[in-house]
Structure formats: C-alpha cells, structure tokens
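Here the protein sequences come in this chain order: A and B.
My numbering puts the first residue of the first sequence at 20, with every later residue one more than the last.
My numbering puts the first residue of the second sequence at 20, with every later residue one more than the last.
It cannot be assumed that every hint is accurate.
[As the list claims (entries may be wrong)] Calculated cross-link-like contacts (lysine-lysine; reagent style DSS-like; alpha-carbon spacing at most 27 Å):
(1) B:K49 <-> B:K27
(2) A:K78 <-> A:K27
(3) A:K49 <-> B:K151
(4) A:K27 <-> B:K146
(5) B:K27 <-> A:K49
(6) A:K27 <-> A:K49
(7) B:K49 <-> B:K151
(8) B:K78 <-> B:K25
(9) B:K78 <-> A:K25
(10) B:K27 <-> A:K25
(11) B:K27 <-> A:K27
(12) A:K25 <-> B:K146
(13) A:K25 <-> A:K49
(14) A:K49 <-> A:K151
(15) A:K151 <-> A:K78
(16) B:K78 <-> B:K27
(17) B:K25 <-> A:K27
(18) B:K25 <-> B:K49
[Claimed, not checked] Pair by pair, the computed Cβ-Cβ distance ranges are:
(19) B:D178 <-> A:E156: 58 to 66 Å
(20) B:V194 <-> A:E138: 52 to 60 Å
(21) A:V139 <-> B:A112: 32 to 40 Å
(22) B:R176 <-> A:N164: 51 to 59 Å
(23) A:V139 <-> B:E65: 50 to 58 Å
(24) B:H55 <-> A:G183: 53 to 61 Å
(25) A:E168 <-> B:A111: 38 to 46 Å
(26) B:K25 <-> A:D144: 50 to 58 Å
(27) A:G125 <-> B:A111: 33 to 41 Å
(28) A:A186 <-> B:L158: 41 to 49 Å
Treat the hints as calculated values from the structure; they're not laboratory data.
We put the beta carbon where it would ideally sit given N, CA and C, even for glycine.
Protein chains: 2
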Amino acid sequence: MGFERKPKGLVVWFTGLSGVGKSTLARRVKAELEAHRAVEVLDGDEVRRFLSADLGFSKADRDANVRRIGFVARAVARTGAVAICAAISPWAAARDEVRALAEADGVRFVEVALHAPLEVLTGRDPKGLYAKAIAGELLHFTGVNDPYEPPRNPELRLDTSLTGEDACVAAVMRVLE
Amino acid sequence: MGFERKPKGLVVWFTGLSGVGKSTLARRVKAELEAHRAVEVLDGDEVRRFLSADLGFSKADRDANVRRIGFVARAVARTGAVAICAAISPWAAARDEVRALAEADGVRFVEVALHAPLEVLTGRDPKGLYAKAIAGELLHFTGVNDPYEPPRNPELRLDTSLTGEDACVAAVMRVLE
C-alpha cells in the first residue's frame, strides 16, 4: 500500500453533558498532539451548523448527527490523522456503532467519558441553558429533560469537577501514548 | 505551528453528469497519489447514503449535499491529506462556495470538469438510469430533466468520450504536480 510513513488513524471521542468540558479538552488535546500529528477537531455545535442543520434533538436526529460526525471522523482518521470529536452523543448504541465502523476501518477509537455532577454543571452554565431547561423553557436538554446513557466501557472516565483541566489533558495523553 | 512535515491540503473535485467517469477517475487518481500522500475518496453516492440520506434532488437538497461533501473534504484536507470528491454537483454557485471555504482554510482546490456528449452517456448507461429518465420514469435526473451548470474556470476540463482513462489520469496528475 506504500503507507510506511502513515501513522494509524485515531478517533478520540469525548462524550458528556453540555458544559462538562468536551470542547475545551478537545482543543487542549489537539494542541498537545499537533506538534507531531495532523489533528482535526469536530465539535458538535460546528458540525450541527454545517452538516446537520436539518436535524433536531429527538433520539433519531441525535443518532443521525452522531453517525454523521462518525462518518467525518472516519474519513479524517483513515488518512492517518487524528479526529477529536466533542459531542454530547447521549445514546450508547449510536456511539458503539461509530466505534465499530471506525475499528472496521483499522482506526483506533478512544472514548473519553466526561462527567460532573449536575449541580456543578448548573452552577457553571455559561450560556444559561441549564437554567432555561430547568425552567421548562428548553426541551430535549440532555441531563435535565432528555436522557444520557454513560459509556459502559470507555477507554477513560474523567470527573471534571474533581480533576483539573491540565490533569485531564495529561490523563487523555497517557491513554493515547 | 509545528507542521513542517505536513503537506498542504488538497481537494480534487470531479464534477459532471452521471456516467461521465467521476468515480472511476477518483479511484485511479487515488491509486496514483497514495504512494506518497494520504488520500480519501468522497464518492457522491456513498456520501448520500451515510451523510445525506434525508436529502432529495431538488436544487436546495443538491446544494446541501455538495456543502456537506465540502465540509468533509475540508476536514480531511486541513490535516494535509488529499480529499478526492466525485459528485455530480450540478450548480456552479454551490461548487464555488465549497472552493471559497477550502481556500479560506489554506487548502488548494482543483476542480476537474468532466464532459461527454449526452448520446455517449446514454449509450454507456450501465445502470439504465438515462433510459428511465428519458422515458420520464426518473425525475430530477441531471442532464436529462434537471440542469447542469458547467464550471466556468475549472483547473482542468476533460472530455471522457475523446480522452482515454489513462490519459485523463495523466492530465489530472500534471495539474496536481
């Protein structure tokens, strides 16, 4: 295949509730990796705007969005690059499907489950979304009035209310190396 | 940025009617490039299945599909890889939008306009789609009962009824090198 120089593709998939730190850690891990690897961050909000503007927040639509992110991540990782995905991705079956397709392509899949107690997240709430959801003004808000299925066997679990940002980055890097 | 070893990303965009040779040339060019570059082919039919199953063939839906392929192509090419796209992409404005976004990302965009006379395409017609469209059994079929806007300034134009497969591949490679 002539790919001696091509490293094995990698998908790092951050899953967890809004505000738990997915996008922040995705950017931090990208910064750590990009000195020696090509890296692309696929952020759930950005992907929704460009790829899934037609989709809402029903289970079917969320699963479709996760599948699309997975498709892009595989396309990136098949070239030998690292795709770092930051998406709530609340349903375990959709995440597992993305993993299976990546692994079938010879791509390593590292699922990082981020957690923080709801009272911590509602305390942070920089966009005021939890307040709106708790007040009933926002429906289908994961963790408040829409379900979240935690990963059963993630490569890494981090509680971002207990572990600082630098320590979280270091933990992810240890799993990747 | 630490990207000394990373080549400049590249999108090769084949546009043209069904049966004109987009997928075939995409695979051939991939085979030429992959000895020294990471390459990913984004085939219109495959992308539709995974990314755009919700979309039909109206102008708005075709443009949305082209935008999505462009999003994936940029994600691939930003890592320094080559994204080869094979999609009818009949509307010039949507193609130009994808080009502008790629170039804004520092990615080179090479548009390859494939053409063959309709009588040649209807003669090939391996899937019998032209026959159905001409019989009125298939609507929104580009080139028969749906418009196609040829590129105004593509990097390369090839008439696949006049130029053989090997010569087409060689012409694309000359533009890329």
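So, going through the hints one by one against the coordinates:
no.: 1; hint: B:K49 <-> B:K27; verdict: holds (16 Å)
no.: 2; hint: A:K78 <-> A:K27; verdict: violated (32 Å)
no.: 3; hint: A:K49 <-> B:K151; verdict: violated (50 Å)
no.: 4; hint: A:K27 <-> B:K146; verdict: violated (37 Å)
no.: 5; hint: B:K27 <-> A:K49; verdict: holds (19 Å)
no.: 6; hint: A:K27 <-> A:K49; verdict: holds (16 Å)
no.: 7; hint: B:K49 <-> B:K151; verdict: violated (32 Å)
no.: 8; hint: B:K78 <-> B:K25; verdict: violated (37 Å)
no.: 9; hint: B:K78 <-> A:K25; verdict: violated (39 Å)
no.: 10; hint: B:K27 <-> A:K25; verdict: holds (16 Å)
no.: 11; hint: B:K27 <-> A:K27; verdict: holds (20 Å)
no.: 12; hint: A:K25 <-> B:K146; verdict: violated (37 Å)
no.: 13; hint: A:K25 <-> A:K49; verdict: holds (18 Å)
no.: 14; hint: A:K49 <-> A:K151; verdict: violated (32 Å)
no.: 15; hint: A:K151 <-> A:K78; verdict: holds (21 Å)
no.: 16; hint: B:K78 <-> B:K27; verdict: violated (32 Å)
no.: 17; hint: B:K25 <-> A:K27; verdict: holds (16 Å)
no.: 18; hint: B:K25 <-> B:K49; verdict: holds (18 Å)
no.: 19; hint: B:D178 <-> A:E156: 58 to 66 Å; verdict: holds (59 Å)
no.: 20; hint: B:V194 <-> A:E138: 52 to 60 Å; verdict: holds (59 Å)
no.: 21; hint: A:V139 <-> B:A112: 32 to 40 Å; verdict: violated (47 Å)
no.: 22; hint: B:R176 <-> A:N164: 51 to 59 Å; verdict: holds (55 Å)
no.: 23; hint: A:V139 <-> B:E65: 50 to 58 Å; verdict: violated (42 Å)
no.: 24; hint: B:H55 <-> A:G183: 53 to 61 Å; verdict: violated (42 Å)
no.: 25; hint: A:E168 <-> B:A111: 38 to 46 Å; verdict: holds (45 Å)
no.: 26; hint: B:K25 <-> A:D144: 50 to 58 Å; verdict: violated (38 Å)
no.: 27; hint: A:G125 <-> B:A111: 33 to 41 Å; verdict: holds (37 Å)
no.: 28; hint: A:A186 <-> B:L158: 41 to 49 Å; verdict: violated (59 Å)
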